[in-house]
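Each chain, letter by letter, is given below.
There are 2 protein chains.
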Amino acid sequence: MCQPEPALPPLPAALRAHLRDDAARYRDDAAGTPGAAPRGVLAPRSAEEAAEILCLLQEAGLAAVVQGGRTGLSGGARVQPGELVLSTERLTAPPRIDAVAGTMTVGAGVVLEAAQQAARAAGLYLAADLGARGSATLGGMAATNAGGPLALRYGTFRQQVLGVEGVLPDGTIVRRLGGLYKDNSGLDLSQYLVGSEGILGLVTRLVLRLHPAPAARRVAVCALDGAAEALALLPALRAGLGPDLQACELMIDPLLAETCAARGLRSPFAEPAPAVLLLEVAGTDPEACGARLEAVLETALEAGRIRDAVLSASEADCLRLWGLREGCSQFLFQNVGPITSLDLSLPLAAIPAFLAEAEGLCAGRARPYVFGHLGDGNLHYVLACPPDAAPTDEIFALTARHGGAITAEHGIGADKLRWLPLCRDAAEIAAMARLKRAVDPGWILNPGRILPRPFPQTPEARP
Amino acid sequence: MCQPEPALPPLPAALRAHLRDDAARYRDDAAGTPGAAPRGVLAPRSAEEAAEILCLLQEAGLAAVVQGGRTGLSGGARVQPGELVLSTERLTAPPRIDAVAGTMTVGAGVVLEAAQQAARAAGLYLAADLGARGSATLGGMAATNAGGPLALRYGTFRQQVLGVEGVLPDGTIVRRLGGLYKDNSGLDLSQYLVGSEGILGLVTRLVLRLHPAPAARRVAVCALDGAAEALALLPALRAGLGPDLQACELMIDPLLAETCAARGLRSPFAEPAPAVLLLEVAGTDPEACGARLEAVLETALEAGRIRDAVLSASEADCLRLWGLREGCSQFLFQNVGPITSLDLSLPLAAIPAFLAEAEGLCAGRARPYVFGHLGDGNLHYVLACPPDAAPTDEIFALTARHGGAITAEHGIGADKLRWLPLCRDAAEIAAMARLKRAVDPGWILNPGRILPRPFPQTPEARP
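Protein chains in written order, with full-length UniProt numbering: chain D, 1 to 463; chain W, 1 to 463.
Chain D extracted, bound-state conformation:
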């Protein structure tokens, strides 16, 4: 670590031809820490142009960070000193739908909501959703293997990706745009890019799998005695609702009560419950769909397994009930002061013990608010305090002790790098670095994300 700092290499003339103006606007960061001013912004219009740029960067030893919608919450797209930005903002080929195959081909810079709407207009369904749907790009969702509530039924974004066109950091163009549901011809390099947070390459285009659109949905919220009781309900929900169960979201007291008070929402229950579960079912038959949900909840009520339940009678009700869940996120980001948002993945059975122990760790330091995707073990554990005051070390260590992961859907990015060894051992991290080096000999693309830099680049950039 005491090597002399190399000076930043100059930008070669061939690269300057690709630069965009107004670099300052690429400094925004959803996680709240503005990035450095980029040395320049590169926004290729095609995989070929991206490959040309990456070859120039390799040759000159210049680092770049990939940016999509900049909605990531782990600082993966935040500019670090000395970096150029490689933006997907011009990779905006609009969604092209193949209704017979049930697929969509689309540019990496297209926003999720536009893709959802295009699928719906064709009578199909893109089974991916998240709060930032209006600004998150599909390329970024692939690169970070985005999650969200629908992952319970349909899997994470990885499962929606049939193939990508992308560019490895060494300039190799990868192409799997045939829209093939099954293709075992060679290592699936497009799946290698999914979830690699840009360290193995840039996604330029995608083919996504579309599902048949469910004809109807019903939503219910249930009041329960606690998280353990919510978990205990899961087998009955699976058995009773079968594959139609598509969301199972948990909110732990006092989050919902405070959200309702702060945002003027009407609480569905007369008095706050220790835990509230939001359930969504969607199927081919509107009546059958609702009748089964009703039956399952009735049985649970009679058995005293839930305290109370409210069931949607209309699509307006569905939206209103989801509004409670989405209101919780808005409350935390807008009404609570500085927060530290941890995105934990836990073995389901460990959740009650985890919650009890975590509360002990927070006592007297930060108030915890807990919500998330109970059905897939993904808890958003939000502490009402700034990151430097949060017991993050302790909560992450506790998560790891319970066999969980320190990030379920937000990724490691730049901000969680030092905790990765809690989940992955040194040999695994070394193997990741060998795979990275195999396609990025100059270690130029998204350095310092997921893996520590192999060598210091600038004084500020060192971990």
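Since the hints were derived computationally from the structure, they do not count as laboratory data.
Possibly wrong hints are sitting among the right ones.
Taking CB as the label site, the calculated pair distances span [unchecked claim]: (1) W:Glu302 / D:Ala121: 26 to 36 Å; (2) D:Ala291 / W:Ala313: 17 to 27 Å; (3) D:Ala261 / W:Arg434: 52 to 62 Å; (4) D:Arg16 / W:Pro387: 51 to 61 Å; (5) D:Glu287 / W:Pro352: 35 to 45 Å.
Chain W regions said to be covered by chain D (calculated; three or more residues, Cβ under 8 Å) [to be verified]: (6) 138 to 150; (7) 426 to 435.
It should be emphasised that the depicted structure is a prediction, and the values quoted were computed from it without experimental measurement.
No residue lacks a Cβ here, since even glycine has one placed at the ideal position from N, Cα and C.
Given the coordinates of chain D, assemble chain W onto it according to the supplied hints.
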């Protein structure tokens, strides 16, 4: 290619301690070409023992091939001269089910059918099936990203794998056994092993995702005017059946008629149809499920889009109708003389044109039999002739011209290596080789599968 052949390195003493007897029984090959006699058989009982073995192999420069159930159809597990066998037959930790999380943890050497039964006994559903269910192992299914009819609804085996324990060829142990639905902490090395056909490592244990068990299924077979008409029906099937549509299998005349004649099965239709489609729906509600299928078929019949349809009235009917589809495979492997079985993946829209052109290529050379998973574009194109007489070059080239892949679910293995450049360009194949080298410096695990050997090992082993 004119370098002197290196002599085979001797087996080190430490490795000899791991060897098993009766090596000859590892020569079987489902694709029909018996392998060489292995130099020895290694059957580790744990990831740790596998890692120890792989380190010894690396050190000594000895090649080994991974074997599971030896049901692969591309020769990936067939022993090549000079190789040792690395068998998963002792990695048989029985299925352990977590009913709350909906997951199964199981040894890589366990057979698919045992896992299906264990899931069913717990009221859950392992959404993977294939003809070789009685002998294919779960480790092999992960390594080859197995397909099958259920992939239409649930995705390929990749989508069932929440994580694996495995060993990279350099001895690195990879562990993702937490059963987490979402885990973005670092590159997902377990997904890297899926579909790598053993060249990037050995799978020793898996955590599989289980689905809620559908309460009921209905099956129908429909007679149609041809493949184009079958394809044209797909959007109506998706719209009418929604997410309950879980299989959509095609059989093209004369396959079904000859199968019925040869195997004493009763044809469902009075006269042979140019194309027959088998549909399966499965949902939460037995009655609604069948009623919708009935309605969709009625509409199609009235519109003249299908000629005739037979609908199951009982589970026995379901089995009988599936028996027709499975009878086709048995007919081809047991009643037709030597065959060449090609496993093609095609963009759905290209299928009718492909079929017409392929028939032209076969004319006067080999009789083609066609069936497969129409809903996901996977056709099994079977030629009634031995491989050396089959127009494989031409059919594969035609597949590639239509944007298809030369293998949908069987993989490249050793047998399709020379055709890989039809689907993947030289730069992509070179990138695969760099990734392989990054974790297998001695190129010792499954050499000559997917990728050509980087150096000749024995005279017989050269392509």
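Structure-based check of each hint:
no., hint, result
1, W:Glu302 / D:Ala121: 26 to 36 Å, "holds (27 Å)"
2, D:Ala291 / W:Ala313: 17 to 27 Å, "holds (24 Å)"
3, D:Ala261 / W:Arg434: 52 to 62 Å, "holds (57 Å)"
4, D:Arg16 / W:Pro387: 51 to 61 Å, "holds (55 Å)"
5, D:Glu287 / W:Pro352: 35 to 45 Å, "holds (38 Å)"
6, 138 to 150, "holds (count 3)"
7, 426 to 435, "holds (count 8)"
Taken one by one, the earlier hints all hold for this structure without exception.
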